[in-house]
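If you want the building blocks of each chain, they are given just below.
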Amino acid sequence: NAGVMQNPRHLVRRRGQEARLRCSPMKGHSHVYWYRQLPEEGLKFMVYLQKENIIDESGMPKERFSAEFPKEGPSILRIQQVVRGDSAAYFCASSPGLAGDGGYEQYFGPGTRLTVT
Amino acid sequence: AQSVAQPEDQVNVAEGNPLTVKCTYSVSGNPYLFWYVQYPNRGLQFLLKYITGDNLVKGSYGFEAEFNKSQTSFHLKKPSALVSDSALYFCAVNVGALNFGKGTSLLVTP
Numbered sequence: 001n002a003g004v005m006q007n008p009r010h011l012v013r014r015r016g017q018e019a020r021l022r023c024s025p026m027k028g029h030s031h032v033y034w035y036r037q038l039p040e041e042g043l044k045f046m047v048y049l050q051k052e053n054i055i056d057e058s059g060m061p062k063e064r065f066s067a068e069f070p071k072e073g074p075s076i077l078r079i080q081q082v083v084r085g086d087s088a089a090y091f092c093a094s095s096p097g098l099a100g101d102g103g104y105e106q107y108f109g110p111g112t113r114l115t116v117t
Numbered sequence: 001a002q003s004v005a006q007p008e009d010q011v012n013v014a015e016g017n018p019l020t021v022k023c024t025y026s027v028s029g030n031p032y033l034f035w036y037v038q039y040p041n042r043g044l045q046f047l048l049k050y051i052t053g054d055n056l057v058k059g060s061y062g063f064e065a066e067f068n069k070s071q072t073s074f075h076l077k078k079p080s081a082l083v084s085d086s087a088l089y090f091c092a093v094n095v096g097a098l099n100f101g102k103g104t105s106l107l108v109t110p
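Protein chains in written order, with our numbering: chain A, 1 to 117; chain B, 1 to 110.
Misleading hints may appear alongside valid ones.
To be verified - Between beta-carbon pairs, the in silico distance windows are:
| hint | chain 1 | residue 1 | chain 2 | residue 2 | range |
| --- | --- | --- | --- | --- | --- |
| 1 | A | Gly3 | B | Val83 | 18 to 28 Å |
| 2 | B | Pro79 | A | Glu52 | 45 to 55 Å |
| 3 | A | Gly28 | B | Asn41 | 39 to 49 Å |
| 4 | B | Ser70 | A | Gly28 | 32 to 42 Å |
| 5 | B | Ala14 | A | Ser87 | 29 to 39 Å |
| 6 | A | Gln80 | B | Gly53 | 26 to 36 Å |
| 7 | B | Ser105 | A | Pro61 | 24 to 34 Å |
| 8 | A | Gly28 | B | Ala1 | 30 to 40 Å |
To be verified - Here are the simulated DSS-like cross-link-like pairs (lysine-lysine), alpha carbons at most 25 Å apart as the crow flies:
| hint | chain 1 | residue 1 | chain 2 | residue 2 |
| --- | --- | --- | --- | --- |
| 9 | A | Lys71 | B | Lys69 |
| 10 | B | Lys69 | B | Lys22 |
| 11 | B | Lys58 | B | Lys102 |
| 12 | A | Lys62 | A | Lys51 |
| 13 | A | Lys62 | B | Lys102 |
| 14 | B | Lys102 | B | Lys49 |
| 15 | A | Lys51 | A | Lys71 |
| 16 | B | Lys22 | B | Lys49 |
| 17 | B | Lys22 | B | Lys58 |
| 18 | A | Lys71 | A | Lys27 |
| 19 | B | Lys69 | B | Lys102 |
| 20 | B | Lys49 | A | Lys44 |
| 21 | A | Lys27 | B | Lys69 |
| 22 | A | Lys44 | B | Lys22 |
| 23 | B | Lys102 | B | Lys77 |
What the hints assert, rightly or not - Coverage of chain A stretches by chain B, computed from C-beta distances (three or more under 8 Å per stretch; other residues unrestricted):
| hint | stretch |
| --- | --- |
| 24 | 37–47 |
| 25 | 106–112 |
I should point out that these hints are in silico values taken from the structure, not numbers from a laboratory. All C-beta atoms in this analysis are idealised placements derived from N, C-alpha and C, irrespective of residue type, glycine included.
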C-alpha cells in the first residue's frame, strides 16, 4: 500500500511565477491536509480538504494561495506570484476518517521543498 | 486555543541511557495527543497517540509516552536511546488538523 505521495520533491521558482504542489493521499483516505514548515520552525497547518470540499482553510494566507481536492486526481496546493518568503517545505498528510473525530492519525508525505529565487 | 508546548529546543543523551522529550498541552475537553518524528529531509512519521484509556501509551521503535492529566503533560520516553533515534520530535494535538509544537531536536551520542 503506497504511502502519501507528493511531487515534485523539489521545486525552484523565480519571484512572480506560480508554484503547483501535488499530493496523492494514501489509498482509501479521503481527507487531506497541507502544512508548511519554515526553516528552523515547526509545521503550521494551512488547509484541510475532503473530496471537492474545503473543510478548514484558517491557516491559509488570504492572498495568492489556494487549494483543491477534486473528485478525481491529486490534491493541489497552488501559490501564485511566489515571493522569497514562500520558500519552505510543504507537507501533505492524509487520514482515513473525519479529523474532528480526533482518533485518526495523519500520514505524511515526503514533502515538496520550494525555493524561490 | 488548543495547543502544545515543547519547552526544550534540544535534548542530548548518551546511547543506552533513557531519554525524555517533554510536551505540555493546553486543551479544553479531552485531548487527542500525538508524537511524530522527522528525520532530515523527510516527512513526519507517526510514533504514537493518546485518545483515551491507559495513561501509558506504547508506540513504534520502543517509544512510549505518559499522559498526565494533573500536570497536563504528554512526555515521550524511551528506556534506552539509540544513535539512530537522533531526529526532530514533534508533539501535536488534534484540533481537526494537527496543531504542532515547535519541535525538539534529539541528539544521541555514541
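So, going through the hints one by one against the coordinates:
{"no.": "1", "hint": "Gly3/A x Val83/B: 18 to 28 Å", "in the structure": "holds, 25 Å"}
{"no.": "2", "hint": "Pro79/B x Glu52/A: 45 to 55 Å", "in the structure": "holds, 47 Å"}
{"no.": "3", "hint": "Gly28/A x Asn41/B: 39 to 49 Å", "in the structure": "violated, 27 Å"}
{"no.": "4", "hint": "Ser70/B x Gly28/A: 32 to 42 Å", "in the structure": "holds, 39 Å"}
{"no.": "5", "hint": "Ala14/B x Ser87/A: 29 to 39 Å", "in the structure": "holds, 36 Å"}
{"no.": "6", "hint": "Gln80/A x Gly53/B: 26 to 36 Å", "in the structure": "violated, 46 Å"}
{"no.": "7", "hint": "Ser105/B x Pro61/A: 24 to 34 Å", "in the structure": "holds, 28 Å"}
{"no.": "8", "hint": "Gly28/A x Ala1/B: 30 to 40 Å", "in the structure": "holds, 32 Å"}
{"no.": "9", "hint": "Lys71/A x Lys69/B", "in the structure": "violated, 42 Å"}
{"no.": "10", "hint": "Lys69/B x Lys22/B", "in the structure": "holds, 14 Å"}
{"no.": "11", "hint": "Lys58/B x Lys102/B", "in the structure": "holds, 23 Å"}
{"no.": "12", "hint": "Lys62/A x Lys51/A", "in the structure": "holds, 22 Å"}
{"no.": "13", "hint": "Lys62/A x Lys102/B", "in the structure": "holds, 23 Å"}
{"no.": "14", "hint": "Lys102/B x Lys49/B", "in the structure": "holds, 18 Å"}
{"no.": "15", "hint": "Lys51/A x Lys71/A", "in the structure": "holds, 6 Å"}
{"no.": "16", "hint": "Lys22/B x Lys49/B", "in the structure": "holds, 15 Å"}
{"no.": "17", "hint": "Lys22/B x Lys58/B", "in the structure": "holds, 16 Å"}
{"no.": "18", "hint": "Lys71/A x Lys27/A", "in the structure": "holds, 14 Å"}
{"no.": "19", "hint": "Lys69/B x Lys102/B", "in the structure": "holds, 21 Å"}
{"no.": "20", "hint": "Lys49/B x Lys44/A", "in the structure": "holds, 19 Å"}
{"no.": "21", "hint": "Lys27/A x Lys69/B", "in the structure": "violated, 36 Å"}
{"no.": "22", "hint": "Lys44/A x Lys22/B", "in the structure": "holds, 20 Å"}
{"no.": "23", "hint": "Lys102/B x Lys77/B", "in the structure": "holds, 18 Å"}
{"no.": "24", "hint": "37–47", "in the structure": "holds (count 5)"}
{"no.": "25", "hint": "106–112", "in the structure": "holds (count 6)"}
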